[in-house]
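> Take a look at the letters that make up each chain.
Protein chains: 2
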Amino acid sequence: METVKKICTGDVRCASRLIRDIEDKIPSAKSQIKKLYPHTGKSFIIGITGSPGAGKSTLTDALITELRKRNKTIGVLAVDPTSPFSGGAILGDRIRMLRHAEDPAVFVRSLATRGALGGLSHAVGEAIHVMEAMGKNIIIVETVGIGQQEIDIINHAHSVIVVLVPGMGDEVQTMKAGIMEIADVFVINKADRAGAKQLQTEVMSMLNSAPALTDEWRPPIVMAGNVYDKKAFAASMEELVQKLENHYLYLKGSGRMAERINRKIIVEIKDALRANILEPIMHHLEESGELTNLVKKIKSRKSDPYSAAEEIARRKVK
Amino acid sequence: METVKKICTGDVRCASRLIRDIEDKIPSAKSQIKKLYPHTGKSFIIGITGSPGAGKSTLTDALITELRKRNKTIGVLAVDPTSPFSGGAILGDRIRMLRHAEDPAVFVRSLATRGALGGLSHAVGEAIHVMEAMGKNIIIVETVGIGQQEIDIINHAHSVIVVLVPGMGDEVQTMKAGIMEIADVFVINKADRAGAKQLQTEVMSMLNSAPALTDEWRPPIVMAGNVYDKKAFAASMEELVQKLENHYLYLKGSGRMAERINRKIIVEIKDALRANILEPIMHHLEESGELTNLVKKIKSRKSDPYSAAEEIARRKVK
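As they're listed, the protein sequences go chains A and B.
Numbering of the first sequence is given in this note's numbering, commencing with residue 1 and proceeding in unit increments.
Numbering of the second sequence is given in this note's numbering, commencing with residue 1 and proceeding in unit increments.
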């Protein structure tokens with residue numbers, strides 16, 4: 001049986017191999033993804049983002065448990081930061097999620113890619129499609145930090161959870177403003193800690209002052225209690241799933257889902273253009289030795305990077 | 001007098017306007033930067049990166065004070081996160097640096113740009129050139145967080161300071177591994193806090209186990225004390241400047257400076273190619289309505305983003 005068919009029946013080994021090939025930029029992965037594409041688009045995709053240390057992995061883990069109670073099949077994509085030098089993933093498949101490893105309805109993979117030409121977002125889009133083709137009802141994409149690149153990644157999601165935690169310093173508080181607009185649901189982790197109430201108030205007042213958020217959907221704030229108080233924590237996870245369901249219904253009912261799907265497709269086109277246009281040009285410049293010559297000329301100020309790029313564009317673009 | 005000449009005499013108003021034009025992607029900025037380019041390449045560029053809340057702005061401020069004692073002229077570029085929705089800078093010109101505003105030898109600007117096509121790194125490279133042309137001896141580039149994009153930005157620097165702080169949780173500790181390789185000098189802020197010694201030991205053991213770092217340059221770790229203990233803090237800033245000087249001398253003496261300059265130029269070429277090739281193609285797709293049609297076809301699964309991008313590449317690239 002061919003790979004695509006196997007993946008569509010949920011074959012874990014084939015799906016894992018294809019995701020690894022995407023990560024490693026194996027050319028054959030591309031044609032596989034194209035063949036898978038007609039079988040995608042049926043999953044609900046949830047993004048989870050927040051500062052490092054905010055407890056995103058713990059939350060993802062608890063969310064899986066809660067969704068499994070409702071008989072949902074789940075794919076989890078943990079997006080890792082990659083050193084441009086070593087090229088390796090740092091966190092690997094998150095250890096805390098291993099307890100779901102025995103459950104065939106849960107498929108967890110981490111993803112990291114080399115290169116600065118936006119390859120990570122491209123790979124995320126493709127890996128999501130693999131999980132969609134597997135037939136997973138819900139796909140959770142978890143980023144490691146918060147930044148422009150994480151925002152690009154989170155654009156692949158239909159619904160975005162922003163995880164906050166009290167006591168991360170005022171610079172973090174300021175940064176929150178930047179992610180305010182991408183949040184559909186807030187979770188305040190470690191809500192038993194000092195400062196949690198104040199953080200909740202701050203988020204509320206930010207929501208009140210954001211004009212774009214006053215219409216239709218107001219992002220709810222879920223207070224996630226102490227993980228060791230199992231009962232209270234489970235109750236907050238139940239609340240979170242309820243809020244996600246509400247958001248899903250809102251997206252469907254308001255026509256916003258169609259907008260988000262369009263935005264997702266545009267991101268995928270941009271990523272694919274980068275891979276199909278910019279990367280081959282750079283590769284050719286490197287292989288032909290032209291890049292070395294250009295660097296020499298620019299270094300001695302006989303040229304500059306901007307004129308050089310314009311000249312290349314004139315030569316390469318119709 | 002034309003803009004370029006004025007900037008080369010250190011004219012703050014002209015330089016500020018050009019940086020604003022770069023940020024706003026005003027087409028005339030491009031030709032100005034090209035004209036400035038022959039006057040660039042003489043400054044030493046220091047990058048400062050670290051997690052949000054690690055105290056980077058305070059450190060930059062103290063570093064300015066210390067460098068001013070040595071009569072250096074300074075440019076500071078604070079790179080802000082931008083919301084892809086509002087398009088606005090969040091932090092603005094860092095408030096804590098305002099006390100240097102009266103000093104004509106210090107030029108502080110913040111920078112943020114819209115768009116996900118790697119525009120920020122491109123703008124950072126150009127803004128650095130403006131400050132170089134102004135004749136600043138030292139240019140400090142400060143990022144807000146740590147991530148792939150920050151690493152792209154930091155590639156514009158000759159020497160990189162990574163700022164750490166005790167007590168940021170274990171996920172942050174793990175992340176450090178990813179930035180280990182870009183650090184030339186470590187600063188542990190709030191070194192009077194519990195856990196600072198342990199953090200120092202951790203960084204040391206990471207340095208010991210990193211094979212690439214055992215040769216030639218071993219990144220020193222500067223323990224920056226309590227900012228309110230002015231004498232102790234000033235002493236640690238003196239030490240930091242000494243380490244930066246050592247690194248500069250090492251780069252010059254070992255030939256590594258030439259390597260870094262080459263790397264910097266390659267980053268600039270890549271950024272400029274993106275601006276000259278990918279952005280116009282995307283723009284044309286949007287303007288002509290072709291993008292809307294493509295999205296429709298992909299949405300109904302009659303096509304996919306990858307085949308669409310390949311087709312565009314065939315049409316647009318020679």
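No wet-lab data here; the hints were simulated from the structure.
Because the structure is a prediction, the values reported are computed rather than measured.
Check each hint, because a few of them may be wrong.
If chains are identical, the list can't say which one is meant, so a pair holds when it fits in one copy or spans any two.
[As the list claims (entries may be wrong)] Derived lysine-lysine pairs resembling DSSO-like cross-links, with alpha carbons at most 30 angstroms apart: (1) Lys243 / Lys34; (2) Lys25 / Lys316; (3) Lys231 / Lys25; (4) Lys35 / Lys230; (5) Lys296 / Lys318; (6) Lys5 / Lys197; (7) Lys5 / Lys25; (8) Lys35 / Lys25; (9) Lys25 / Lys230; (10) Lys316 / Lys296; (11) Lys302 / Lys6; (12) Lys231 / Lys35; (13) Lys316 / Lys5; (14) Lys302 / Lys30; (15) Lys318 / Lys34; (16) Lys316 / Lys297; (17) Lys318 / Lys231.
> Take the hints in turn and mark each one as holding or not.
Verification of the hints:
{"no.": "1", "hint": "Lys243 / Lys34", "result": "neither (34 angstroms within a copy, 52 angstroms between copies)"}
{"no.": "2", "hint": "Lys25 / Lys316", "result": "both (23 angstroms within a copy, 23 angstroms between copies)"}
{"no.": "3", "hint": "Lys231 / Lys25", "result": "neither (44 angstroms within a copy, 53 angstroms between copies)"}
{"no.": "4", "hint": "Lys35 / Lys230", "result": "neither (44 angstroms within a copy, 65 angstroms between copies)"}
{"no.": "5", "hint": "Lys296 / Lys318", "result": "both (27 angstroms within a copy, 25 angstroms between copies)"}
{"no.": "6", "hint": "Lys5 / Lys197", "result": "neither (50 angstroms within a copy, 55 angstroms between copies)"}
{"no.": "7", "hint": "Lys5 / Lys25", "result": "within (21 angstroms within a copy, 47 angstroms between copies)"}
{"no.": "8", "hint": "Lys35 / Lys25", "result": "within (17 angstroms within a copy, 39 angstroms between copies)"}
{"no.": "9", "hint": "Lys25 / Lys230", "result": "neither (42 angstroms within a copy, 52 angstroms between copies)"}
{"no.": "10", "hint": "Lys316 / Lys296", "result": "both (21 angstroms within a copy, 29 angstroms between copies)"}
{"no.": "11", "hint": "Lys302 / Lys6", "result": "between (56 angstroms within a copy, 22 angstroms between copies)"}
{"no.": "12", "hint": "Lys231 / Lys35", "result": "neither (45 angstroms within a copy, 66 angstroms between copies)"}
{"no.": "13", "hint": "Lys316 / Lys5", "result": "neither (38 angstroms within a copy, 34 angstroms between copies)"}
{"no.": "14", "hint": "Lys302 / Lys30", "result": "between (40 angstroms within a copy, 17 angstroms between copies)"}
{"no.": "15", "hint": "Lys318 / Lys34", "result": "both (26 angstroms within a copy, 24 angstroms between copies)"}
{"no.": "16", "hint": "Lys316 / Lys297", "result": "both (20 angstroms within a copy, 28 angstroms between copies)"}
{"no.": "17", "hint": "Lys318 / Lys231", "result": "neither (63 angstroms within a copy, 63 angstroms between copies)"}
Consistency note: the structure conflicts with the earlier hints numbered 1, 3, 4, 6, 9, 12, 13 and 17.
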